[in-house]
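Asks: Protein chains in written order, with my numbering: chain A, 1 to 141; chain B, 142 to 557.
Note that these hints are calculated values from the structure, not bench results.
Everything numeric in this text was worked out from a predicted model, so none of it was measured.
All residues carry an ideal CB built from backbone N, CA and C; glycine is no exception.
Warning: the hint list may mix true and false statements.
List of simulated lysine to aspartate or glutamate pairs, EDC-like, C-alpha gap at most 16 Å [unchecked claim]:
#1 60(A) <-> 557(B)
#2 60(A) <-> 39(A)
#3 45(A) <-> 77(A)
#4 313(B) <-> 295(B)
#5 14(A) <-> 58(A)
#6 555(B) <-> 7(A)
#7 60(A) <-> 82(A)
#8 548(B) <-> 489(B)
#9 14(A) <-> 489(B)
#10 45(A) <-> 75(A)
#11 313(B) <-> 287(B)
#12 45(A) <-> 24(A)
#13 555(B) <-> 11(A)
#14 14(A) <-> 557(B)
#15 89(A) <-> 99(A)
#16 555(B) <-> 3(A)
#17 313(B) <-> 261(B)
#18 45(A) <-> 82(A)
#19 60(A) <-> 295(B)
#20 45(A) <-> 23(A)
#21 89(A) <-> 125(A)
If you anchor each label on the Cβ, the simulated ranges turn out as follows [as the list claims (entries may be wrong)]:
#22 201(B) <-> 6(A): 25 to 33 Å
#23 259(B) <-> 75(A): 49 to 57 Å
#24 26(A) <-> 164(B): 36 to 44 Å
#25 399(B) <-> 8(A): 41 to 49 Å
#26 219(B) <-> 34(A): 55 to 63 Å
Stretch-level coverage of chain A by chain B, calculated; a stretch enters the list once three of its residues show a Cβ under 8 Å from a Cβ in chain B [said to hold, decoys possible]:
#27 41-48
#28 51-62
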Amino acid sequence: MEELYRDQILEHYKRPHNFGRPDDFDLEFEDSNPFCGDEQHVYIKLDGDDRVAEVTFEGKGCAISTAATSLLTDELEGRTREELLRLPKEFVLELLGIDISATRMKCALLGLKVVKGASLGSPADWEDEGEQGDPAEAASV
Amino acid sequence: MEVAAAKRAFPVEEIRAEFPILTREAHGHPIAYLDNGATAQKPLAVIETLDRFNREQNANVHRGVYELSERATELYEGGRHTVAAHIGAPTEELVFVRNATEAINLVARSWGAANLGPGDRVLLTELEHHSNIVPWYLIARERGAELNWVPVTEEGRLDMDELRAALQRGPKLVAVAHVSNVLGTINPVEEIARLAHDAGALVLLDGAQAAPKLRLDMATLGADFYALTAHKLYGPTGIGALWARRELLEGMDPYQGGGSMIRQVRKDEITWARVPTKFEAGTPAIAQAIGFAAAVEWVDRVGLEAIHERDAELAAYALERMVDVPGLRVFGPPAGEDRGGIISFDLEGIHPHDVAQILDRHAVYVRAGHHCAQILMGRLGVAATTRASFAPYNTTEEIERLIEALKDARRVFKLD
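Next up, chain B with everything else stripped away, as it sits in the complex (with noise of 0.2 Å):
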């Protein structure tokens, strides 16, 4: 009785009360935000945070020898600063990228582009973001590699048994979502990455999902490569990392030249710059990466694992309260330990468009599509699907919304 005590303990009406935009309205009702897979709300301490800088902060960093662009430059590198330790990694091996997308991009660009070579493999899973397939496809394109998949069970997870032996092919490497963004699945990515290891491969976590709701350490995660977004966790859009061991970095060509990442200029040869700043040509983002700093300092104060437990929670209740509404069938695993809070399901009948639409007018906010995962579209056999994601600010009464609303929308189909 302890725990529940304690579960009901979360202080949402405060965690609401610091999100502004949570308190729109439409069609007469306060919105109901539950499209946090595709993006967060933002804090009022994210959003000051670049209000400020943009007021009082503002210069470009690295170089400049006056006050400004100082002390701009010790907000942006102070923010990689709070970054990587948010994610258990030294402050070097963190290199801001504009999304997860581009952080597997410079992977695969300077990383496949040197280590893949005809006929080598790498290992995805049928239930990738297109964003953990399409740069995989593009540099096995080039290089004459080959793509290998580990399928899904029925109940939404990965096959394990196919993993390990698609790993006995000798795959290079192994690319995985930490978790899923259509199934809510939390992959045992530390046993994958043990049993890749094993086997010789390195591996890639998409951690776009992850992110937001796991406490991460990647000095015991296993991991080679983590890719990251800042607007999925509360913080601003155009900024992500990709975080890497050392000396993987370190022998990775850049990803794009220009200024900032090098060291030396010369006609005939030019030399890089230290990692992570051999990464990140041009300007980078400079408010967005101090704002996705305040996005990690909140996440910090909240706590990572309320929210973990939160999310859990509404991931539990949902899936209980969704046995209520006719016809429809929740893909993903049962409510559990390996289960997350996003929810996609079909409403038999009615296209998931037209159940999103009518959801709208209920000032109910979902996600209908293929969610860029036509593969995984294809294993369960559907074209898309309608999903609901949770963040620590949403209710079990904005969860009694959405079920009325699916019950309206089995109305104006006429289904009842």
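Same shape as in the complex, but just chain A (with noise of 0.2 Å):
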């Protein structure tokens, strides 16, 4: 248990970075995970170069959601709409570092699915469900 909610976890489960609704913002993508309800908003800036500049994100959730979307958004500065959707789940999983239970997964990966929401305009598929319709594999946006 003490690995599952270990301090850096916990951390970004309290005080999780990038949180809140910017002023203004360019792609944004609210979904939720059908397990529990849990809801994320996420909010894009793009730079010039059509390149995040910023992201922000929203929404109530468990420490494993929060956290897994804190740690990412840390992480998405300077990439591209295509960048984005090809970001794997272990991109998220090993930035949480622990293990994740079959049950936790949609927990875990909540953050990527939103974002990639986000790049696309429409709503990603889990990243967990197989290759069909593998956002990563989506066309350009």
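Two independent chains are provided; combine them into the complex using the hints.
Replies: This is the structure:
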């Protein structure tokens, strides 16, 4: 238990980075975890080269989903929308650095799903549900 | 004092001995199964009935002329008789279905399609399970009908003034949970049925959470439709029942077509079997129906009154003990007559999924999430809750373990 809820995860849960709704943004998306109903809303501001200048998020979630999105949003600056779509789930899991059980996988990946949704402009598929419709393979935006 | 002594006499250890799964251990503790609202554990009487049927009695029912099939038919129809008698209903008014969800879908489809038209209203409540919302949404959308909602008060009860007001608008049907699967509220369904009938509406009750703990008598309850499921009542999954008054069933079209449910099939005309067979297309869940009857017999042997009393006692004990956990907020009515052993709560600063995960390490099994009641979650202002739900085999020791585990969750989250 201590390893799942270690200090870094709790720290990101209690004081998530990049949290809140900015005054202006270029992309936004909201999606929910059907397992629990938790919602996250992501806002992305792009720079002149269409690269991520700033990402913030809002929403109420569990320690895993909040920490995952907090960690994820720290790593997105400078990426293109296509690059966001190609981020694999391992990217988030490595940031978390803890073992995630199958039932909590959707919590861990909610932020990534919403970030990809913002990039696509429509709901992205869950990364843990196989190849088909994998947003990483989606047509360029 | 005599009452208190009688309460202590509930034979919990004998009851527990009938449930083999309760001897399981996890993380070095015996499991404390507090997720009975999701599904209840099964006593030996049910397990052995299922096993015996599959080993010794299996054959398809109806129309078999050999001994084994005749015997299977007797057991299946005998099961119908047992379940019907248990809820005070005539045998031919009990339709076997997969679960309470299917019972409600059957009514929405067969009764709703024939009786709901543009502008007609179905009155639901904010505390319904999705199984008593989505079927009505589907048929209302198809027929141009409208869904209306009875609000829930701060204490987690139905707002009866609002219900009366909504009845003035003349709904054709009122569909209500007998017991809330989130709040544990035992709704005043007799009164609701009386008010609804006075307003000319029919009444469907979702009894998924009520049947395991309350004595039901269809003759006096006042409902027109009642939905049951076996697996929350210590029986198998895959079987439930719809009770409806005979004239309603006779006036309804079949829900599904197939074998068994016909009288005669011709190219130009098909006639239906009599009720309830008209609603049971295809080979039914035979072993499960017989297991359902075994569960009902088990409940009758323990006594629904004793089970109900035990449930209220565990609920009162848990509600009292939860006060000890800092930051814990319980949803639903206080302990009392209209409060069953289903307790949803919020632990400040810890998401329900994290609470449930930490409880799992203590082998305390609860449920976290929206409990298929997102309308109610919205009313409560939360996305999810943690829920402990009791059965008569639960003990005050298990509730103490729940309390300790909740305190540990606060420690893990460094809230102390």
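Asks: Taking only the CA atoms, is the gap from residue 60(A) to residue 557(B) under or equal to 16 Å?
Replies: violated, 22 Å
Asks: Given the hint that residue 555(B) pairs with residue 7(A), test it: the Cα-Cα distance must not exceed 16 Å.
Replies: At roughly 9 Å apart (the allowed maximum being 16 Å), residue 7(A) and residue 555(B) satisfy the hint.
Asks: Does residue 82(A) sit within 16 Å of residue 60(A), going by the straight-line distance between their CA atoms?
Replies: violated, 27 Å
Asks: Is residue 45(A) within 16 Å of residue 24(A), Cα to Cα?
Replies: At roughly 7 Å apart (the allowed maximum being 16 Å), residue 24(A) and residue 45(A) satisfy the hint.
Asks: The hint says 41 to 49 Å between residue 399(B) and residue 8(A); measuring C-beta to C-beta, is that right?
Replies: violated, 57 Å
Asks: With the threshold set at 16 Å, check whether the alpha-carbon distance from residue 89(A) to residue 99(A) stays at or below it.
Replies: Holds, because 13 Å separates the two Cα atoms, which is no more than 16 Å.
Asks: For residue 60(A) and residue 39(A), compute the direct alpha-carbon distance and say whether it is at most 16 Å.
Replies: holds, 6 Å
Asks: Is the hinted pair residue 89(A) and residue 125(A) satisfied, with a Cα-Cα distance of at most 16 Å?
Replies: holds, 12 Å
Asks: Three residues minimum, CB to CB under 8 Å: does the segment 51-62 of chain A make the cut for coverage by chain B? Let me know.
Replies: holds (count 3)
Asks: Are the Cα positions of residue 313(B) and residue 287(B) separated by 16 Å at most?
Replies: It holds: about 10 Å lies between the C-alpha atoms, which stays within 16 Å.
Asks: Should the hint that residue 219(B) and residue 34(A) are 55 to 63 Å apart at their CB atoms be regarded as holding?
Replies: With a Cβ separation near 41 Å, residue 219(B) and residue 34(A) fall outside 55 to 63 Å, so the hint is violated.
Asks: Holds or violated: residue 14(A) and residue 58(A), Cα atoms, limit 16 Å.
Replies: holds, 13 Å
Consistency note: the structure conflicts with the earlier hints numbered 1, 4, 7, 19, 22, 24, 25, 26, 27.
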